[in-house]
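Line by line, the protein sequences give chains A and B. Just so we're aligned, residue 4 is where the first sequence starts under the numbering used here, counting upward by one. Just so we're aligned, residue 618 is where the second sequence starts under the numbering used here, counting upward by one.
Because the hints were derived from the structure by calculation, they are not lab data. Heads up, some of the hints might be wrong.
Below, computed lysine-lysine pairings styled on BS3-like, alpha-carbon distance capped at 30 angstroms [stated by the list, open to error]:
| hint | chain 1 | residue 1 | chain 2 | residue 2 |
| --- | --- | --- | --- | --- |
| 1 | B | 714 | A | 73 |
| 2 | B | 697 | B | 808 |
| 3 | B | 1002 | B | 917 |
| 4 | A | 51 | B | 714 |
| 5 | B | 697 | A | 73 |
| 6 | A | 73 | B | 1094 |
| 7 | A | 51 | B | 641 |
| 8 | B | 972 | B | 947 |
| 9 | B | 782 | B | 1094 |
| 10 | B | 753 | B | 683 |
| 11 | B | 782 | B | 865 |
| 12 | B | 1002 | B | 753 |
| 13 | B | 714 | B | 753 |
| 14 | B | 641 | B | 753 |
| 15 | B | 697 | B | 782 |
Looking from chain B toward chain A, a few residues come up when the C-beta cut is under 8 angstroms (computed) [to be verified]:
| hint | residue |
| --- | --- |
| 16 | 1044 |
| 17 | 1046 |
| 18 | 1098 |
For each residue, glycine too, the CB sits at the ideal point set by N, CA and C.
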Amino acid sequence: MPQMIIANRLRDGVVVFLAPSEGWEPAIGAGTLIENEAEATRLMAVAKRHEGECQIIDPQLIEVEVNDGKLRPTAIREAIRAFGPTVRTDLTET
Amino acid sequence: MYRYDEFDSRFVNERVAQFRRQVKRRLGGELTEDQFRPLRLMNGLYLQLHAYMLRVNVPYGTLSSKQMRKFAYIARTYDKNFGHFTTRQNIQYNWIKLEETPDILQHLADVEVTGIQSSGNCVRNITADQYAGRAKDELADPRVYCELLRQYSFLHPEFSYLPRKFKIAVTGSPNDRAAVAVHDIGLRMHKNEQGEIGFEVLVGGGLGRTPYIGQTIRKWLAPEHLLSYVESILRIYNMQGRRDNIHKARIKIIVNQMGIDKYRELVDQDWEFTKNGVLKVPDDEVARIDSYFAPPQYEKLADQTDALAKIRSGDRAFDRWVRGNVIEHKVPGYAIVNVSLKAPGKVPGDITADKMDAVADLADRYSLGEIRVTHRQNLVLVDVKQSELYELWHKLAELELATPNLGLLSDIICCPGLDYCALANARSIPIAQDISRAFTDLDELQKIGQFTINISGCMNACGHHHVGHIGILGVDKRGEEFFQLTLGGSSDQHASLGDRLGPGLPQAEVPAAIRKIVDAYLVIRQQNERFLDTYRRVGIEPFKAAVYGEESRAA
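Generate coordinates for the entire structure from the input sequences, incorporating the hints supplied.
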């Protein structure tokens, strides 16, 4: 199962994904899709460094699925983090 | 209303400045998250699923229109245009930016509200009957003692690091609307044999993973001893409470493990040393605080029974609203108006910034500028002239705030659940929305009668599911959301914990299950019997059979 790294941005708490540029993006589609464990380990080390540098909080690897080219976390909790409350879809920004 | 004195005001402003420096140090890398987390939590700032969440206390559920307008301003300026009133009479904002939090706290301090002690292992917001000072059935206004306890427990050095959080609720009425039996300490004002007003003190109640109904530790306590006695309860808890296991750290665990008699003995031993000391509350201090809660200058009015009856007979919708949402006021000619935040399909407790402003305007125009927040997640206008009820009803109806469902099946308590909360296992709000949409027929709701549904998205029970006539608990079963139903709970003066009905149900089946329970109740109830009373009379089996089929009887 492919993975991504999710976190909250420190200054405003916004949910962000580690992107190929090694920056952090609010849109899941802009995040890096991680296909193997070696890459997961390497990128988590990057994320932990960014946590130490006060860019983000609590980075975690999450499983995602790809359907019709669209990314979606497999766990409901992480899907809600990625796309916003299911009861307020009017607030969804991504 | 209580107003900050110079000490309160100076302290809260200093605290904002202190937090501003702490945020700067965190953003600048001088503090790690582990170092910073307790500091932000002490100011009510959590990190939830989508962003930081700020919880702001509404002490004993009393708000001025000015404070409500400030809540609207915060929602509009710093969040996504709405706030959520909680089961602890607080308001929560869901998309707060850390870097803006000091400014928000300063805005709140300007109108004398804070997030201090809305989190952490300390004495939390002290809650009260939402009709305090106005209810006809009340012995005395409990807010005087809430405020006394608030001042006493605010940053108390001995009790700022308790084993776990600590919740106190007070009712001045024999009809408990403050759920005092499910608090760490519950205080019920009542008269002793000499006719003096004091407190029955309950201890060790609580919900969450291990629910308990509070037990009476003292049948009658003189008000002058309130602080010293509460302090002794807190001190024994502080010494004996389990710090090794977060799930066993609340006072309810220790009270129930050692037994109420032993706990009482320890408290009494401690209290012997303090009861006549500095914590003995002087009458003039009670009088000083009491003066802040003095009733407003009411006009001398007569009850408008005939005039109202005439309007009600010509307007069925108004009649229904008066019957459901308007409560008797202790002053002739006035009424208490409940403002429902539970229109069909709405999120219980949520209110937009524009509606907050509108409610503040209505409070100024019709209710002497005061608003109350209820633990059932509604609002109240407490001082409305009966002669203006019809006009007010029209204005509330335009705002979708006049759903006449107070205490009826669609007046659902619901925690934020997995849509917002980092602790939740399942979404609770969609269940509340589905149920309220399935029961929109007002005639049917009235026919069903008094009925509480309380929903929690995890076993922490912020939605008070254990004490709903029907409780609904969201659980995670291998990545899928399921919902367990309990029946027979109540948080009033005859509090009880619900019994589990059976296996959990998927979300789509919950409204139908509620319908089956209601249908079964309507068949077997005796005249005018509430669901809760029917349940207590017949037990769980008929409802189990209704939901799971007759085979469940044999199982």
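Checklist entry - Can you give the numbers of the hints that this structure goes against, from lowest to highest? => result The structure breaks hints 2, 13 and 14; every other hint is satisfied.
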